[in-house]
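These protein sequences, in sequence, are chains U and E. 2 is the number of the first residue of the first sequence in my numbering; add one for each residue after it. 2 is the number of the first residue of the second sequence in my numbering; add one for each residue after it.
Simulated from the structure, these hints should not be mistaken for lab results. Any given hint could be a false lead.
Heads up, the list lumps identical chains together, so a pair's fine if it works in one copy or across two of them.
Only pairs whose alpha carbons sit at most 20 Å apart, straight line, appear in this in silico EDC-like list of lysine to aspartate or glutamate [to be verified]:
1. K169 - E211
2. K81 - E176
3. K184 - D50
4. K184 - E51
In this text, all values refer to a predicted model and were calculated from it rather than measured experimentally.
Number of protein chains: 2
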Amino acid sequence: MKKLLIASTSTVHGKGYLEYILPELKLFFDGVSEILFIPYARPGGITYDEYTNTARKGFSVINIDVKGIHEFENPIEAVKKAKGIFTGGGNTFELVSQLYKNKLIDVIKTVVENGIPYFGTSAGSNITGVTMKTTNDMPIVYPPSFDTLNLIDFNINPHYLDPDPNSKHMGETRETRIKEFHKFNDTAVLGLREGSWLRVDGNQVYLRGELPARLFLSNKTPQELPTNSNLSFLMN
Amino acid sequence: MKKLLIASTSTVHGKGYLEYILPELKLFFDGVSEILFIPYARPGGITYDEYTNTARKGFSVINIDVKGIHEFENPIEAVKKAKGIFTGGGNTFELVSQLYKNKLIDVIKTVVENGIPYFGTSAGSNITGVTMKTTNDMPIVYPPSFDTLNLIDFNINPHYLDPDPNSKHMGETRETRIKEFHKFNDTAVLGLREGSWLRVDGNQVYLRGELPARLFLSNKTPQELPTNSNLSFLMN
C-alpha cells in the first residue's frame, strides 16, 4: 500500500533541519534502517554531497542511515532496492530535470505504489502531485515536462503564504497565482503552510501539523481546511 | 536603431495603470499614433479583450490608440505593420507559449531591431531578455522553450523585492533564487524594483525611475546601481 509523508518545508522558523517533524518521521519509517536520499533539487546550488550530509545529520537523530542516490552507479537500481525514499527541497525545475534525465519518474512511482515509504519536503513534495505547475520556484533550467509522479491526484503548493494586507508590492499574491493556474488547469491545489504535512496511506489522505491548509478547486471559492482533516475526497 | 522601454511594473502602489510612466511613454512613442498591444500574458486570467481595453484606457491619456494583436486575422502581419509594440504583464509562461504558438518570436525581434519602439511591463519586460528563466511567475503552462527575444544581452527580474529581515517564512528570497540561477547559467540578471525602467537605444542602456537596481553577475557579489546608471556594459 502507498505510503507518503508530504511536507510543506524541511525546516520551520527557529528550529533545526527536520526537527519539527522527527517524531512523525520515526513512526513513518518504523522498521526502516536506511533510506535513499534524492538531492537533485540542490537548494542554493549546494552539491549532492553537501546536501546528502545535511539529510544524514537530520536522520541520524532517529537512527536512520541516509545514502545519496548519486553514490550509486545505477540510480534506477538504487530506487528499486530502496527501503525508503526521501526527496529534499530546493529547485523543482532542476529536480524534475534530473529525474527525467536519469529516467527515474516511472521507477519511483512504481516502488512507492508498491509500498516503499516516500517522504518529501517542498520541491520533494511538489513532485508527488500531478504536475509541478504550482511550484514557487524560479525556472532556472528547462525540464522536458512539467508532469510529475502523480502519486496523489492533486497538486501541492508548498510554503503556502497568506497575502500581506499591508504590502505595497504589486507582484501577484500566492492566491492570485493559483487562481491563474485554474484558468488553464482543473487539478485541485492544496496550499500547505510551513509546519503542515499530509499523511497518505493508500487512498486515505490526512492533513497533519498545527495549521489549517487552503484548498483551491477550479471555479470554487478557496476553502480553509482545519488540521486533521480527511482529504481523501481529493483522490480519484 | 533598437528602441525599448523595459519597465518592472505597469502600476506602482497608489497610482493608476501606467500612470507613473506616462510622461516617459509620451516621449518614447513620440510621433506614433497607434500601437499594437500583446495581451497574451492575461494577468489573473482576464480575456484578451478585457486586457486590451485596460491598455487602451491607459494610453488614451496620451492620445495613442491601442489595437490588440488578437483583433487581427494574421498576428505576424500585425507585428510587421506595427508602428509601436506594447506587451503587458501577467504570466510569462503563458505569454511565451502564445508567442511560440503564433510564431511571433522572430518577427518581433526583427521589427524591434529595425527600430519599431517596444514597451514592456513585467512579463513583457522579462521576454526582452535572453531567457525567461528569471521570471517570478508560476509555471501554469509548459512553453516549448524558455528562450526569449534576446533584445538585451542580460535577463530581467521584474518586481524585484528585497529580503524582509523580519520574515519567518522559510521559502527562498528573490536574491537566493537569482543566485541559484547563476549555479546553472552565466547570463547577468538585473533586479528592477517597481517604479524603475530601462531605456534602450541601440546598445545604450540607462536605468531610469527613482530607485536603484540590483545587478547579479555570476560568481560576483550583487551590486546596487543608482538610478540613471549607464548599463551599456551589459550589452555584448
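Results of checking the hints against the structure:
1. K169 - E211: Between copies only: 16 Å across chains, 30 Å inside a chain, cut-off 20 Å.
2. K81 - E176: neither (38 Å within a copy, 38 Å between copies)
3. K184 - D50: between (40 Å within a copy, 16 Å between copies)
4. K184 - E51: Between. Shortest inter-copy distance 15 Å satisfies the 20 Å Cα cut-off; intra-copy 40 Å does not.
When held up to the earlier numbered hints, the structure conflicts with hint 2 and nothing else.
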